[in-house]
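J.: My request is simple: use the sequences and hints to build the entire structure.
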Amino acid sequence: MYTTELDKTAGSAAAPAAVEDPALLAAFEARVANDEFIEPKDWMPEAYRRTLTRQISQHAHSEIVGMLPEGNWLTRAPSLKRKAILLAKIQDEGGHGLYLYCAAETLGTSREQMIEALHAGKAKYSTIFNYPTLNWADIGAIGWLVDGAAIMNQVPLQRTSYGPYARAMVRVCKEESFHQRQGYDLLLEMMKGTPEQRAMVQDAMNRWWWPSLMMFGPPDDNSPNSAQSIRWRIKRETNDELRQKFVDATVPQAELLGITVPDPDLQWNEERGHYDFGAIDWNEFYAVVRGEGPVARERMKARRAAWDEGAWVREAAAAWEARQAARRAAAA
Amino acid sequence: MNDLLFQYLLRLGDDSLILGQRLCEWCGHAPTIEVDLSLSNLALDLIGQATLFLGYAGEVESGGRDADALAFHRDAEDFRNCLLVEQPNGDFARTMARQFLFSSYQLALLDRLCSSADGRIAEIAAKAVKEVRYHADLAADWVVRLGDGTAESRGRMIEGLDDCWRFLDDLFAMDDGERALAAAGIAADKAALRPLVQGRVEQVLRQATLSMPGLPWQVTGGRTGRHSEHLSRLLAEMQVLPRAHPGARW
Amino acid sequence: MSKDWPLWEVFVRARGGLEHRHAGSVHAPDAELALRHARDTYTRRMEGVSLWVVRSADIVASDPDQAGELFEPAASKVYRHPTFYDLPDAVKHM
Ligand SMILES: [Fe+2]
Ligand SMILES: [Fe+2]
Numbered sequence: 000m001y002t003t004e005l006d007k008t009a010g011s012a013a014a015p016a017a018v019e020d021p022a023l024l025a026a027f028e029a030r031v032a033n034d035e036f037i038e039p040k041d042w043m044p045e046a047y048r049r050t051l052t053r054q055i056s057q058h059a060h061s062e063i064v065g066m067l068p069e070g071n072w073l074t075r076a077p078s079l080k081r082k083a084i085l086l087a088k089i090q091d092e093g094g095h096g097l098y099l100y101c102a103a104e105t106l107g108t109s110r111e112q113m114i115e116a117l118h119a120g121k122a123k124y125s126t127i128f129n130y131p132t133l134n135w136a137d138i139g140a141i142g143w144l145v146d147g148a149a150i151m152n153q154v155p156l157q158r159t160s161y162g163p164y165a166r167a168m169v170r171v172c173k174e175e176s177f178h179q180r181q182g183y184d185l186l187l188e189m190m191k192g193t194p195e196q197r198a199m200v201q202d203a204m205n206r207w208w209w210p211s212l213m214m215f216g217p218p219d220d221n222s223p224n225s226a227q228s229i230r231w232r233i234k235r236e237t238n239d240e241l242r243q244k245f246v247d248a249t250v251p252q253a254e255l256l257g258i259t260v261p262d263p264d265l266q267w268n269e270e271r272g273h274y275d276f277g278a279i280d281w282n283e284f285y286a287v288v289r290g291e292g293p294v295a296r297e298r299m300k301a302r303r304a305a306w307d308e309g310a311w312v313r314e315a316a317a318a319w320e321a322r323q324a325a326r327r328a329a330a331a
Numbered sequence: 000m001n002d003l004l005f006q007y008l009l010r011l012g013d014d015s016l017i018l019g020q021r022l023c024e025w026c027g028h029a030p031t032i033e034v035d036l037s038l039s040n041l042a043l044d045l046i047g048q049a050t051l052f053l054g055y056a057g058e059v060e061s062g063g064r065d066a067d068a069l070a071f072h073r074d075a076e077d078f079r080n081c082l083l084v085e086q087p088n089g090d091f092a093r094t095m096a097r098q099f100l101f102s103s104y105q106l107a108l109l110d111r112l113c114s115s116a117d118g119r120i121a122e123i124a125a126k127a128v129k130e131v132r133y134h135a136d137l138a139a140d141w142v143v144r145l146g147d148g149t150a151e152s153r154g155r156m157i158e159g160l161d162d163c164w165r166f167l168d169d170l171f172a173m174d175d176g177e178r179a180l181a182a183a184g185i186a187a188d189k190a191a192l193r194p195l196v197q198g199r200v201e202q203v204l205r206q207a208t209l210s211m212p213g214l215p216w217q218v219t220g221g222r223t224g225r226h227s228e229h230l231s232r233l234l235a236e237m238q239v240l241p242r243a244h245p246g247a248r249w
Numbered sequence: 000m001s002k003d004w005p006l007w008e009v010f011v012r013a014r015g016g017l018e019h020r021h022a023g024s025v026h027a028p029d030a031e032l033a034l035r036h037a038r039d040t041y042t043r044r045m046e047g048v049s050l051w052v053v054r055s056a057d058i059v060a061s062d063p064d065q066a067g068e069l070f071e072p073a074a075s076k077v078y079r080h081p082t083f084y085d086l087p088d089a090v091k092h093m
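Protein chains in written order, with numbering that gives the first Met the number 0: chain A, 0 to 331; chain B, 0 to 249; chain C, 0 to 93.
Keep in mind the hints are simulated off the structure, nothing from the lab.
Please note: incorrect hints may appear among the correct ones.
[To be verified] Below, a list of computed lysine-lysine pairs in the DSS-like style, where the Cα atoms sit at most 25 Å apart:
| hint | chain 1 | residue 1 | chain 2 | residue 2 |
| --- | --- | --- | --- | --- |
| 1 | A | K80 | A | K191 |
| 2 | C | K2 | A | K121 |
| 3 | A | K173 | A | K80 |
| 4 | A | K300 | A | K121 |
| 5 | A | K173 | A | K244 |
| 6 | B | K126 | B | K189 |
| 7 | C | K91 | A | K40 |
| 8 | A | K80 | B | K129 |
| 9 | B | K129 | B | K189 |
| 10 | A | K80 | B | K126 |
| 11 | A | K300 | C | K2 |
[What the hints assert, rightly or not] Label pairs and their in silico Cβ distance ranges:
| hint | chain 1 | residue 1 | chain 2 | residue 2 | range |
| --- | --- | --- | --- | --- | --- |
| 12 | B | H229 | A | G120 | 33 to 43 Å |
| 13 | C | Y84 | A | P251 | 30 to 40 Å |
| 14 | C | P81 | A | K40 | 29 to 39 Å |
| 15 | A | E115 | B | S114 | 51 to 61 Å |
| 16 | B | E151 | A | K173 | 36 to 46 Å |
| 17 | A | A29 | C | Y84 | 34 to 44 Å |
All of these numbers come straight from a predicted model, not from anything done at the bench.
Built from N, CA and C at the ideal position, the CB exists for glycine as well.
T.: In structure tokens form, the structure reads like this:
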């Protein structure tokens, strides 16, 4: 899962710009413009470091929080095959979180600091995971729509300017390739089932369509960091470009499934060669970003509980190793 | 003999299924992301084993039931798993205590079943034994670290193990049918495995600076369908969709 | 001071005959669990047949500011490469 520009205040506008050495800055900008990769020990402007740390950690948080809505149905998966697929899929998301935290750590912030920022409500994660999963078709809809949107966001990031982030994204994209397919496959199967099952699929579509479109972030004219992020290759296409791409790719898939896209304004525009679609409820989007999504509290509570209840485990293993190390030192 | 074999395969498959289901409950809630991935790997192995053993059980029964029918359309009293695996996860120490005892048992069992006179069982065991060797080692690592970690983790590990000791007889229980299968070289003689498992358990506990207590009163019945209160709740959750939607496709 | 478990770098040998290559990192309390975490994270899709883990703190890296003096002098030693030598066509396979 990917998240884009949720936390405006931490961006370039509010934080005072550090005074950077103009020669170093010019050399850095030239390297990035030249499609070179920036590595952890290379010089980089503070704003780049800060923006990347925020973006990668938000991305990592999204992967980890994103395990919860799908985990909600794991113990109720209706067949052994679906249970194994879903577990492998959620496990992948955990792995993605892990890769991304590691990438962010190379910028000088520890995983613990990032997790504490999340739990303190200071860091954001993708708004999509603050919506509940209400029936089994939601698992299919998440794979198809949410992972589909995520893939669209993530593919260009394999060429992002920061080496560790780009390498993490290569690994993530390789693993993502089955996520969307398993979701669509799940829905196809349900559409061949009972009328109740087909109704479940439509219901899931009705609830996940708009939040999926919101995943691409605010519209470009309200996205002040975009220009700089694109120049730095932290971002490679604008929110609206990606959103349009997603709609264009997804609508025919919905037709193939035999379900309706819940947007009366949706229409193919011959002239543009794209689908026109209705207005997104940005008030809802910003409310969810603020942490007021339907199950935001439950998600954060679950993450905090896992972390707090795991503290004694982390301490115990560290204490055990400290004693072993002392023993090894004494024996040496 | 076919019904005996069917019952035996249910015992093997249900153990893996129920423990796999329990481990699924951890997904997204483990102490670190790395541990989360480890637990998911254990669960995936177990669900895979259940699929193979129950699939074969369905073939042996030849009544048209496949692995899913057996997993999702039997009531608690028809399940043949041991009591240990259906116990709630509790904290991480309790989960690891349960895993350590079960995997140590399962490792010895599968190791023996690799040379079962039944070719299909031998084949499944040969695949699963490698998975379970890893499970047993991983769980042992955690028993040692928590047992000999901090005062808190030690207390929790002792308590976790204490929750398990009453189910040991049940784990190794054999009835006449299973003994007949063992005599035919199809099943393993669990009584013969027990000292092996016990030796391994004691060795790891020593490393964890813990000791094995005298066994408390033993609760049995899992292998004949007399379960603890926990199983039917676990099944209610696990089976809800296929039961609520007859004729549906998943 | 972070209470995180230390970070370990993970190297995976994809197949016999190949070198170990850097795959990523994991947090782990000790070497044994670092190997387990590496296995559970980086070899779930048959990516490897062998693993190395090394504490990230133990890696000594060259300084990017010295990249010029370290690596650029090699650029002018073109005679180290076989393509530098123009041999008559009559000399095959050399
Ligand atoms: Fe992901
Ligand atoms: Fe995904």
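J.: Decide, hint by hint, whether the structure agrees.
T.: Evaluated hints:
The hinted pair formed by A:K80 and A:K191 meets the criterion: a straight-line CA distance of about 17 Å does not exceed 25 Å. A C-alpha spacing of about 20 Å is found between C:K2 and A:K121, which places the hinted pair at or below 25 Å, so the restraint holds. At most 25 Å may separate the alpha-carbon atoms for a hinted pair to count; A:K173 and A:K80 meet this at roughly 22 Å. Of the pairs offered as hints, the one joining A:K300 and A:K121 holds, with about 15 Å between alpha carbons and a cut-off of 25 Å not exceeded.
The straight-line distance between the Cα atoms of A:K173 and A:K244 is roughly 20 Å, inside the 25 Å bound, and the hint therefore holds. For the hint pairing B:K126 with B:K189, the CA-to-CA distance comes to about 20 Å; that is within 25 Å, so the pair holds. Between C:K91 and A:K40 the CA atoms are separated by roughly 46 Å; this puts the pair beyond 25 Å, and the hint is violated. For the hint pairing A:K80 with B:K129, the CA-to-CA distance comes to about 21 Å; that is within 25 Å, so the pair holds.
Taken as a hint, the B:K129 and B:K189 pair is honoured in the structure, with Cα atoms around 20 Å apart against an allowance of 25 Å. Between A:K80 and B:K126 the alpha-carbon distance is near 18 Å, which keeps this suggested pair within the 25 Å criterion. Pair hint A:K300 plus C:K2 holds up; C-alpha atoms about 21 Å apart against a cutoff of 25 Å. Our hint of 33 to 43 Å for B:H229 and A:G120 holds, since their Cβ atoms are close to 36 Å apart.
Distance hint check for C:Y84 and A:P251: the Cβ-Cβ separation is about 58 Å, which falls outside the suggested range of 30 to 40 Å. Taking 29 to 39 Å as the suggested C-beta distance range, the pair C:P81 and A:K40 conforms, at roughly 34 Å. Our hint of 51 to 61 Å for A:E115 and B:S114 holds, since their Cβ atoms are close to 53 Å apart. One distance hint, 36 to 46 Å for the beta-carbon pair B:E151 and A:K173, holds here, with the actual separation near 40 Å.
Between A:A29 and C:Y84 the beta carbons are some 36 Å apart, a value that agrees with the proposed interval 34 to 44 Å.
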